[in-house]
Amino acid sequence: MHKHTLTCRRILTAILATSILQFFHPSSLHAQSDDFGMDFSLSAEKKLRPGTHVSVEGGVRTMDHTKKVDRWTAGIGMEQRLYQNDVFNLKTDLKWEYMWVNYPEQTKDKYENFEYFDGQNYYSATEYMGYNHRHQFWRGRHRTSLSLSAGYKPNKRWDFSWREMLQYSHFNKGTTTMERYRVDDEDEDAFNLLDDNTKTYRAKDKFVLRSRIGVAYNIRHCPIDPYATAEYGCGLHHKANKWKYTAGAEIKLNKQNKIDLFYRYQTEDDDDEPNGHFLGIGYNFKF
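Counted the way the numbering used here counts, the sequence shown spans residues 371 to 657.
Note that these hints are calculated values from the structure, not bench results.
All residues carry an ideal CB built from backbone N, CA and C; glycine is no exception.
Each hint should be verified, as a subset may be incorrect.
To be verified - If you anchor each label on the Cβ, the simulated ranges turn out as follows: (1) 548 with 656: 41 to 51 Å; (2) 657 with 481: 58 to 68 Å; (3) 430 with 611: 21 to 31 Å; (4) 444 with 559: 40 to 50 Å; (5) 496 with 528: 53 to 63 Å; (6) 606 with 626: 30 to 40 Å; (7) 570 with 444: 19 to 29 Å.
As the list claims (entries may be wrong) - Straight-line C-alpha distance at most 30 Å; calculated DSSO-like pairs for lysine-lysine: (8) 543 with 465; (9) 574 with 465; (10) 480 with 543; (11) 628 with 523; (12) 622 with 465; (13) 438 with 480; (14) 416 with 461; (15) 523 with 461; (16) 480 with 612; (17) 614 with 478; (18) 438 with 576; (19) 609 with 465; (20) 656 with 628; (21) 523 with 612; (22) 417 with 622; (23) 543 with 478; (24) 437 with 480; (25) 438 with 465; (26) 523 with 416; (27) 574 with 480; (28) 574 with 614; (29) 625 with 526; (30) 609 with 574; (31) 437 with 614; (32) 465 with 417.
Using the sequences plus the hints, can you model the full thing?
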């Protein structure tokens, strides 16, 4: 077997093994709130003229350790090169996508704080009252992204990138059923349903600024290009801090087809998306 083929296979095996080991590493599992999902995408790209491309894409992502669908997505985008020389390039992207997002059922325990007097002193205590249960529901949203990207390629092997993206998201109105259960006065192990009401989530808008840096390496005589990126996003008019760390590889099947394999960990202080690990695969076709 050709030595370059062996090298490529070893590199791909190392990338996949590193992703799997990272997911099962104890430091990655200590947080009970962390989830695991799969990310699948399919995209097609068309060159309109030198420096101008349009693309369409669709995808699905899972959650709850791949037991449930997290979201379906469909989008369209356009890329325009602004400047390019032997080592530097500058481009801008405009993208619009629609998402069908799954909000899983949720249960929250309810407690009541009270004070009591023992004849001499006042004491504070907390009593478990029951729980509130939210039913699962789907909620649509659309997102528009405008980005400016720069690339620096000092030689044929290394490629460094930087991107700034302004992202606007509109969340449609959503409705679900909320139930209130409280501990039975006569049986502490039983719960009574007090009421069930329709809860409506109002439509809302969010603006986020995302900054990303990345590095990729082109292996000589090998169709596998490993890469790594780090991205930080912050809310512009609401509190949100989100980090994404990605490591993966692009596999060039030929000039028109390529596959993207990656591992990603994301964490944020917003409730829209869970913290967690993802393994992803994407297919891209150029025509």
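Query raised in the report: Would the pair residue 480 and residue 543 pass a check requiring their Cα atoms to be no farther apart than 30 Å?
Result: 26 Å, holds
Report task. Please work out if residue 480 and residue 612 have their alpha carbons no farther apart than 30 Å. Result -> With a Cα-Cα distance of about 29 Å, the restraint between residue 480 and residue 612 holds, given a limit of 30 Å.
Requested in this report: Starting from the range 40 to 50 Å, see whether the pair residue 444 and residue 559 falls in it by beta-carbon distance.
Outcome: Given about 48 Å between the Cβ atoms, the range holds.
Query raised in the report: Do the alpha carbons of residue 574 and residue 614 lie within 30 Å of each other, as the hint requires?
Result: 24 Å, holds
Query raised in the report: Is the hinted pair residue 437 and residue 614 satisfied, with a Cα-Cα distance of at most 30 Å?
Result: Since the Cα atoms of residue 437 and residue 614 sit roughly 22 Å apart, the hinted pair holds (cutoff 30 Å).
Query raised in the report: Taking 30 Å as the top limit, are the C-alpha atoms of residue 609 and residue 465 close enough?
Result: 24 Å, holds
Query raised in the report: Is 30 to 40 Å a correct range for the gap between the Cβ atoms of residue 606 and residue 626?
Result: The hint (30 to 40 Å, Cβ to Cβ) holds, given that residue 606 and residue 626 are roughly 39 Å apart.
Report task. Compare the distance between the alpha carbons of residue 416 and residue 461 with 30 Å, and conclude whether the hinted pair is satisfied. Result -> The given pair, whose Cα atoms are some 16 Å apart, holds under the 30 Å limit.
Report task. Quickly compare the C-alpha distance for residue 465 and residue 417 to 30 Å and report which way the hint goes. Result -> 16 Å, holds
Query raised in the report: So the hint says 19 to 29 Å: do the beta-carbon atoms of residue 570 and residue 444 match that?
Result: 26 Å, holds
Query raised in the report: Within 30 Å, alpha carbon to alpha carbon, are residue 438 and residue 480?
Result: 27 Å, holds
Report task. Would you mind confirming whether the straight-line C-alpha gap from residue 437 to residue 480 stays at or under 30 Å? Result -> Status holds; Cα separation ~27 Å.
Of the numbered hints given earlier, the model fails none.
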